[in-house]
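Peer 1: Here is what each chain is made of, one letter per residue.
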Amino acid sequence: MTTEPTTASDANLAMAVARWHEPALAEIYRRHSGAVFGLARRLLFDPALAEEVTQEVFVRFWREPERYDPGRGTLRTFLMSVAHGRAIDILRSETSRRAREQRASAVAEAGYDLEQEVSDFATAERVRKAVAKLPDGERRAIELAYFGGHSYREVAVLQNEPEGTVKSRIRSGLKRMQRELSTLAQGADR
Amino acid sequence: MIHDEVEQLLGAYALHATDDRETRAVEAHLAECPRCRAEVDAHEETAAMLATSAGEPPPGLWDKIAASIEAPPGWAGPTVLPPVLPATGGGPVPPGTGPDGRNEDPSVAVPLVSGRRRGSRGGFAWGLVAAAAAAAAIFLGVQVSQLRSDVTQVRAAMARQGLGLLAAQAQAGPHRTLTLGSTAHGAVATVVVPVGSEDAYWVGSTLSTLASSRTYQLWGLVRGKPVSLGVMGPDPRAVSMFRLEPDVTKLMVTAEPRGGTSLPTTAVLAVGDVGPGHPVS
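Chains as they are written, first to last, in our numbering: chain U, 1 to 190; chain L, 1001 to 1281.
Here chain L stands alone, though its shape is the one from the complex (with noise of 0.2 Å):
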């Protein structure tokens, strides 16, 4: 299909009204036009803001999709908890987690500060929401493409070697390295944060090996009170990745039943500050 045939087909293809035979000499083209390329962003952009008559998702669609959702190859062990996020308004809430933020599924460790986050998004802030998207779609031309091949290497590089070479590339760069210990063991643990990054490792720790019916659980301390970071199963030199926010003052960590618990129920092994130059901007 010459350029002129191809280019004709640029609206209805966006719309995805070309037939199969059509929609692959499109794709073909765009592949290697990038004026093309650029008009069916365009259009695709024009199209995603005419459909703009939001439905509420059933109730319940977010457990389904959380269910779904699998481990990546090679991730073994260590969980990465999601935090509270607001549970008003029919938005997702983290599996496991029943509609009074408790935990109903013992296999999964829930956030302990429920609706500890700022805002809750109902209809009217989700609106809002959607209307800054759209009109980012007009504002908003320049994008970061580097992003893409950012989540291209990430992915590629977990697939491959999983969570011990994002850990190493964290020790590479500029980081830093926060400790934790007890008075009667000294240094126990390590935690490795780049800095700019709100993703921390658990690097390592001389922590002896749980029973497989127990797990670690690292618990950040925000404003006086422990909220889970993440199970980290029973084997303590397993690296894991959690995400460190900047209210977390302390970190800690207690040996719990498998999957974890809502509030730590055993005496805390060990513990360390997060200290100065946290939060990172």
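For reference, chain U alone in the conformation it holds in the complex (with noise of 0.2 Å):
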């Protein structure tokens, strides 16, 4: 049994939070604002909407906690999906052009670049170690469809290539980056 929010583990402050503890909310949101604020500002390049879209996390999950399922994964993952998507959404509404826009001048300077995406002690070496491993082709789909929130038909049309061949990259990418970041994790764990 934990005795408060800031030692609980994540499973037990969302039960907490389904029994409307706030607390629970509170510090679920210290550990784990920053990444979604993160990832919105990263996808929407603008700190307003990516504001809006941590608020409406936190507080869609104070009102449907049952919505996480601990048996899929961690409390991060599920928070992080739902900003992803959410953000996603906006991008790709109308409403978003001014959004759009900014992005797109945004990207033409920076680009992307996965490598720089992760900056988190432990996990980044590891992180861009499998990253580094995928196929330029696999990494780069994969970028421009979490980070840059297109379709994998967009992908696709900015690839030069079949869109089947963009579904699949997507997928053997991920699952090479899983095989790589189980295999690196364990060989930290010993």
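In short, the hints are calculated from the structure, not lab data. Small disclaimer: the values here were computed from a predicted structure and weren't measured. All residues carry an ideal CB built from backbone N, CA and C; glycine is no exception. Don't take each hint at face value.
Stated by the list, open to error - Output of the computed footprint for chain L on chain U, the stretches with three or more beta carbons under 8 Å from beta carbons of chain L: (1) 30-43; (2) 53-61; (3) 64-75; (4) 80-91; (5) 175-183.
Could you fit the two chains together into a complex? Lean on the hints.
Peer 2: Right, dumping it as structure tokens:
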């Protein structure tokens, strides 16, 4: 039994949120809002929209904590996935033309670089290594879809490849990364 | 859409890169195919690890969130007060709490001993937590799926019957009963603590109902200092839930202005020992 929100596990905090225990949500926010906000801003290039997404993610979790299934993954992954989906919705909506334009110019300046995205101490090196092992086509397809917010069809146009190829690249790239990450993690564990 | 077609889409689906029709088809398939479900879960876990370029959320965002999360339907009166969270590192602070931890909003009672909790969580510690969470994605494939149904059950029960049912469940199971009383009136209030839980329930009292401008407020004594555990409204018979931390040695109740106060301003009406058996772990 954990004794306070700051040391409780994510799973216990989720349980406490189900009991409308606001400090538990505060602690979940403390732990994950940076990553959620960072992802939303990375996709939307607009701090105000990123803030909106972040707020939505946590308010929605407060209202519907049962949508998170601990059997399927970590709370962080769940929140990130919700944030990613919501940011993509905004990107693809008509009303976000301004954000799209801002994004386009920012992308033109900076370009995407998966290897620069990861800044998280212990995990960073492993993720960098795993990303580095991806064939260029796979890495690029994942970058364009995940951080660029493009559908796989758009990625196919951008990469000048058949749609089927892009679908496979995204899937095989993710699988390759997963294998690589678990190998590296086991190595780090020893 | 046949299985193979859906399977080809699983990576793109996990990155929200499918169109609406494909998304619906994949979701319909995932509902009945555990293998594909597991593959998508793994893809989402991998994708979330890519996105670790954390940003600092704008200050004040937590306040907006806290202001927009509403009480559940049927949740009458009793407030579960937030415990003190470390306010360093730009993290969230309880609503109504000023930057110095003092109460700015008179309608919100705040806990008393600011900064009591161990450990501040600045950027560095946050990074460790995030890294640990990401590492857990790799190391800990095993999760307690039981938990989700518990979450669903708790929410359903509270939506249906509110705190009363939870308190009744607590009393039906293994629990300890704490009594608050005074020399003048004897025992005047009862608190139920389920074994193995830090949730506690104020389940009733013979104290009299207050005017609506006032509230009963529950205090825990922590290393000799009173810490607000919650305001309970003017009706002492209403069930309240609060968090009973292991370092609380005594419970006390006072009558305060509506919204509660940060320190007791009136005489203690009843007091009780938390006693042995706590903490439970």
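Peer 1: Each hint should be assessed against the structure and marked as holding or not.
Peer 2: Here's how the hints hold up against the structure:
1. 30-43: holds (count 12)
2. 53-61: Result for this restraint: holds, n = 4.
3. 64-75: holds (count 10)
4. 80-91: With 5 residues in contact (Cβ-Cβ under 8 Å with chain L), the coverage given for the segment 80-91 of chain U holds.
5. 175-183: Satisfied; 5 residues make the cut.
Going down the numbered hints, you'll see the structure goes against none, and every one checks out.
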